[in-house]
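Student: Taken in order, these protein sequences are the chains called A and B.
For the first sequence, the working numbering begins at 1 and goes up steadily by one.
For the second sequence, the working numbering begins at 1 and goes up steadily by one.
Certain hints may be false.
As the list claims (entries may be wrong) - Below 27 Å or equal to it, Euclidean Cα-Cα: the simulated BS3-like pairs (lysine-lysine) are: (1) A:Lys74 to B:Lys47; (2) B:Lys47 to A:Lys155; (3) A:Lys222 to A:Lys182; (4) A:Lys13 to A:Lys123; (5) A:Lys155 to A:Lys184; (6) A:Lys222 to A:Lys74; (7) B:Lys64 to A:Lys74; (8) B:Lys64 to A:Lys13; (9) A:Lys223 to A:Lys182; (10) A:Lys184 to A:Lys74; (11) A:Lys184 to A:Lys223; (12) A:Lys155 to A:Lys182.
To be verified - Over 12 Å on every C-beta distance to chain B, these chain A residues come out as not near it, computed from the model: (13) Ile38; (14) Arg51; (15) Ala61; (16) Pro157; (17) Gly201; (18) Pro212; (19) Ser213; (20) Ala241; (21) Ala282; (22) Phe290.
What the hints assert, rightly or not - Listed next, the stretches of chain B that the computed footprint assigns to chain A, with coverage defined by at least 3 CB atoms under 8 Å from CB atoms of chain A: (23) 5-18; (24) 22-29; (25) 37-47; (26) 51-63; (27) 103-116; (28) 120-127; (29) 156-163.
Worth flagging that the hints you see were computed from the coordinates, not collected in a lab.
Quick caveat: nothing in here was measured; it's all calculated off a predicted structure.
Quick reminder that beta carbons are idealized off the backbone N, C-alpha and C, glycines included.
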Amino acid sequence: MKIVDFGQRNCEKVRRYLDSYISNELLVESNLEVLRHIEQCSACSQELETRVRIRTSVQVAARREEVPPGLEQKIRREIRERSPVRLWPSDFSLRWMSAVAALLLISTAIWIGLRSRRELSSKEQDAYIGRISSGLSNILQVGLRDHVHCAVFRKYPKDPPAFAEMAHALGPQYAGLVPLVKTKVPDEYRVILAHRCHVQGRSYVHLVLRSPSSLLSLIITKKNPGESIPAAQLTPVLEAAGVPVYRAAASQFQVAAFETPAYLAFVISDLPEERNLQLAAAIAPSVQGFLNQM
Amino acid sequence: MNRTNIEEFEAAALPHLPDLFRTASRLTGDRGRAEDVVQEVYLQAWKSFHRFTLGTNCRAWLFKILMNTLHHDRRKWFSLRSTQLAENDFEQTLMYAPPVPEKLTDQEVLSALDRVPTEFRAVVLLADVEEFSYKEVAHLLEIPIGTVMSRLSRGRKLLRELLAGVARSYGIGGAPQEGKGA
Numbered sequence: 001m002k003i004v005d006f007g008q009r010n011c012e013k014v015r016r017y018l019d020s021y022i023s024n025e026l027l028v029e030s031n032l033e034v035l036r037h038i039e040q041c042s043a044c045s046q047e048l049e050t051r052v053r054i055r056t057s058v059q060v061a062a063r064r065e066e067v068p069p070g071l072e073q074k075i076r077r078e079i080r081e082r083s084p085v086r087l088w089p090s091d092f093s094l095r096w097m098s099a100v101a102a103l104l105l106i107s108t109a110i111w112i113g114l115r116s117r118r119e120l121s122s123k124e125q126d127a128y129i130g131r132i133s134s135g136l137s138n139i140l141q142v143g144l145r146d147h148v149h150c151a152v153f154r155k156y157p158k159d160p161p162a163f164a165e166m167a168h169a170l171g172p173q174y175a176g177l178v179p180l181v182k183t184k185v186p187d188e189y190r191v192i193l194a195h196r197c198h199v200q201g202r203s204y205v206h207l208v209l210r211s212p213s214s215l216l217s218l219i220i221t222k223k224n225p226g227e228s229i230p231a232a233q234l235t236p237v238l239e240a241a242g243v244p245v246y247r248a249a250a251s252q253f254q255v256a257a258f259e260t261p262a263y264l265a266f267v268i269s270d271l272p273e274e275r276n277l278q279l280a281a282a283i284a285p286s287v288q289g290f291l292n293q294m
Numbered sequence: 001m002n003r004t005n006i007e008e009f010e011a012a013a014l015p016h017l018p019d020l021f022r023t024a025s026r027l028t029g030d031r032g033r034a035e036d037v038v039q040e041v042y043l044q045a046w047k048s049f050h051r052f053t054l055g056t057n058c059r060a061w062l063f064k065i066l067m068n069t070l071h072h073d074r075r076k077w078f079s080l081r082s083t084q085l086a087e088n089d090f091e092q093t094l095m096y097a098p099p100v101p102e103k104l105t106d107q108e109v110l111s112a113l114d115r116v117p118t119e120f121r122a123v124v125l126l127a128d129v130e131e132f133s134y135k136e137v138a139h140l141l142e143i144p145i146g147t148v149m150s151r152l153s154r155g156r157k158l159l160r161e162l163l164a165g166v167a168r169s170y171g172i173g174g175a176p177q178e179g180k181g182a
């Protein structure tokens with residue numbers, strides 16, 4: 001290596017600065033000193049070029065390493081599974097502390113229940129649903145009740161059941177809902193449960209879908225005599241291909257609802273309001289058509 | 001502000017997953033182990049998210065958790081904070097600046113990097129790949145800034161020496177062999 005231009009002592013001094021110069025950690029004066037020297041010393045200029053080239057090579061090579069497929073989803077899933085805060089209202093803040101204090105006992109029961117969901121009794125679930133849905137019309141509580149009982153308070157197997165198993169659980173009458181719904185939602189949503197269930201004496205057809213960041217239910221139940229959403233004095237927020245869609249929120253749950261002459265249907269999730277409505281609007285026309293043909 | 005919100009946490013923290021994973025992977029030398037470590041980092045971060053101030057540097061916060069997780073790893077993969085090597089072990093051999101090939105494959109660069117002792121490699125990764133400032137690296141590794149500077153300097157020199165080994169395999173100062181170019 002030739003170090004001749006400004007004397008070896010000057011080159012040695014500049015080279016001691018080079019690492020910090022490359023890292024942009026020098027003070028302005030030192031930076032200028034290095035720059036001035038580099039402009040006139042080909043050996044140090046070449047040395048700088050080599051060091052920068054190696055640094056760039058390391059950056060490029062290391063940054064090409066890809067995250068293993070599925071790791072992000074695994075993290076999202078683990079956060080949810082180990083999270084004790086899932087059921088807190090999304091607008092929870094300090095100023096609600098006094099109100100929450102009054103509900104401390106019940107909240108503790110829910111918290112414990114979420115850590116080991118099997119231990120939360122049906123009565124405790126009802127208490128929780130009663131608490132969060134007090135502002136919700138009765139007809140919308142019909143859907144929320146099933147979502148919380150059946151979708152939220154549940155441990156899911158690692159791998160969702162095969163379609164044949166879901167079809168068997170739904171029965172031939174409703175099995176077609178699974179592929180129908182699947183085509184209407186984004187690919188990131190997987191049907192992880194499809195079955196018929198009963199809550200407080202009412203029968204439901206229930207599909208649970210999961211994306212990396214949310215849990216969504218499509219819930220269908222036969223109307224009781226005289227039951228209808230307009231009769232509950234609700235106003236639709238939008239029409240999806242002619243199907244009126246209603247909405248309400250209870251705690252962090254967004255409830256969208258629509259109906260046919262014989263059925264009530266609900267799309268419920270912990271998604272933001274607009275997103276839940278979008279998905280309900282995407283699903284509603286096909287599901288209404290499906291139910292009307294039955 | 002409700003900081004227990006999962007979506008808020010994911011929006012702030014998950015964009016940094018590639019950075020955390022590649023750093024963990026290069027420091028453990030094992031992608032499987034890095035997966036476990038990074039999952040642990042996110043779980044710890046989620047548990048303490050209520051202590052994180054939104055709007056501050058989430059990436060640095062996550063890297064701090066990563067470095068602590070690696071440091072306290074029960075398997076004792078390595079030590080990031082103390083080096084068993086004498087600080088000037090490399091000084092003697094590295095006074096000479098050896099020629100490095102113009103073209104290097106990613107594999108050649110990473111193989112050389114993986115052979116740099118961990119405490120130096122950690123500083124090179126944090127300063128050169130992740131572009132943290134000296135001050136931030138000092139905070140992440142809980143070492144003085146002067147030590148960051150000396151480790152970075154020696155880490156880079158050692159890497160250069162190892163890459164020069166690639167040059168020697170080509171023939172000193174010679175052009176890369178056919179098929180070896182990047």
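Student: Hint by hint, say whether it matches the structure.
Tutor: Going down the list of hints, with the structure as the test:
Simply put, lysine 74 of chain A and lysine 47 of chain B have alpha-carbon atoms about 16 Å apart, close enough for the 27 Å limit, and the pair holds. Annotation: proposed proximity of lysine 47 of chain B to lysine 155 of chain A holds, straight-line Cα distance about 21 Å (limit 27 Å). A C-alpha spacing of about 22 Å is found between lysine 222 of chain A and lysine 182 of chain A, which places the hinted pair at or below 27 Å, so the restraint holds. Of the supplied pair hints, the one linking lysine 13 of chain A and lysine 123 of chain A is violated, its CA atoms being roughly 77 Å apart against a limit of 27 Å.
In summary, the hint linking lysine 155 of chain A to lysine 184 of chain A is supported, as the alpha carbons are separated by about 26 Å, within the 27 Å threshold. A threshold of 27 Å between alpha carbons decides the hint, and for lysine 222 of chain A with lysine 74 of chain A the separation of about 37 Å lies outside it, so the pair is violated. A hinted pair counts as satisfied when its Cα atoms are at most 27 Å apart, and lysine 64 of chain B with lysine 74 of chain A qualifies at roughly 22 Å. Between lysine 64 of chain B and lysine 13 of chain A the alpha-carbon distance is near 34 Å, which puts this suggested pair outside the 27 Å criterion.
About 25 Å separates the Cα atoms of lysine 223 of chain A and lysine 182 of chain A, which keeps this hinted pair within 27 Å; it holds. A distance of roughly 25 Å separates the Cα atoms of lysine 184 of chain A and lysine 74 of chain A; the hinted pair therefore holds under the 27 Å criterion. Taken as a hint, the lysine 184 of chain A and lysine 223 of chain A pair is honoured in the structure, with Cα atoms around 24 Å apart against an allowance of 27 Å. In summary, the hint linking lysine 155 of chain A to lysine 182 of chain A is supported, as the alpha carbons are separated by about 22 Å, within the 27 Å threshold.
Residue-level check passed: isoleucine 38 of chain A sits 16 Å from the nearest beta carbon of chain B, beyond 12 Å. Arginine 51 of chain A, annotated as away from the interface, has a beta carbon of chain B within 12 Å; the closest lies near 7 Å. At roughly 4 Å from the closest C-beta of chain B, the C-beta of alanine 61 of chain A falls inside 12 Å, breaking its exclusion from the interface. Listed as outside the interface, proline 157 of chain A is consistent with that label: its C-beta sits roughly 20 Å from the nearest C-beta of chain B, beyond the 12 Å cut-off.
At roughly 33 Å, the least C-beta separation between glycine 201 of chain A and chain B is larger than 12 Å, which holds for a residue marked as non-interface. Consistency note on proline 212 of chain A: stated as away from chain B, yet its beta-carbon is not over 12 Å from all of that chain's, at 9 Å minimum. Under the 12 Å C-beta cut-off, the non-interface status given to serine 213 of chain A relative to chain B is violated; the minimum distance is some 6 Å. Every Cβ of chain B is farther than 12 Å from the Cβ of alanine 241 of chain A; the closest lies at roughly 29 Å, confirming the non-interface assignment.
In this structure alanine 282 of chain A is separated from chain B by more than 12 Å, as the shortest Cβ-Cβ distance comes to about 20 Å. A cut-off of 12 Å between C-beta atoms confirms that phenylalanine 290 of chain A is not in contact with chain B; the least separation is 31 Å. Check on the segment 5-18 of chain B: 8 of its residues sit with their Cβ under 8 Å from a Cβ of chain A, so the three-residue criterion for coverage holds. Beta-carbon proximity to chain A at under 8 Å applies to 3 residues in the segment 22-29 of chain B; the threshold of 3 is reached and the given coverage holds.
Using a Cβ-Cβ cut-off of 8 Å, 5 residues of the segment 37-47 of chain B lie near chain A, which meets the minimum of three, so the contact claim holds. With 0 residues carrying a beta carbon less than 8 Å from a beta carbon of chain A, the segment 51-63 of chain B misses the three-residue requirement, and the given coverage is violated. Beta-carbon proximity to chain A at under 8 Å applies to 6 residues in the segment 103-116 of chain B; the threshold of 3 is reached and the given coverage holds. Interface restraint, the segment 120-127 of chain B with chain A: holds (3 residues with C-beta to C-beta distance below 8 Å; minimum three).
Coverage of a stretch by a chain is defined here by at least three residues with a beta carbon nearer than 8 Å to that chain's beta carbons; for the segment 156-163 of chain B and chain A the count is 4, and the condition holds.
Comparing the model with each earlier hint shows violations of hints 4, 6, 8, 14, 15, 18, 19 and 26; every other hint is respected.
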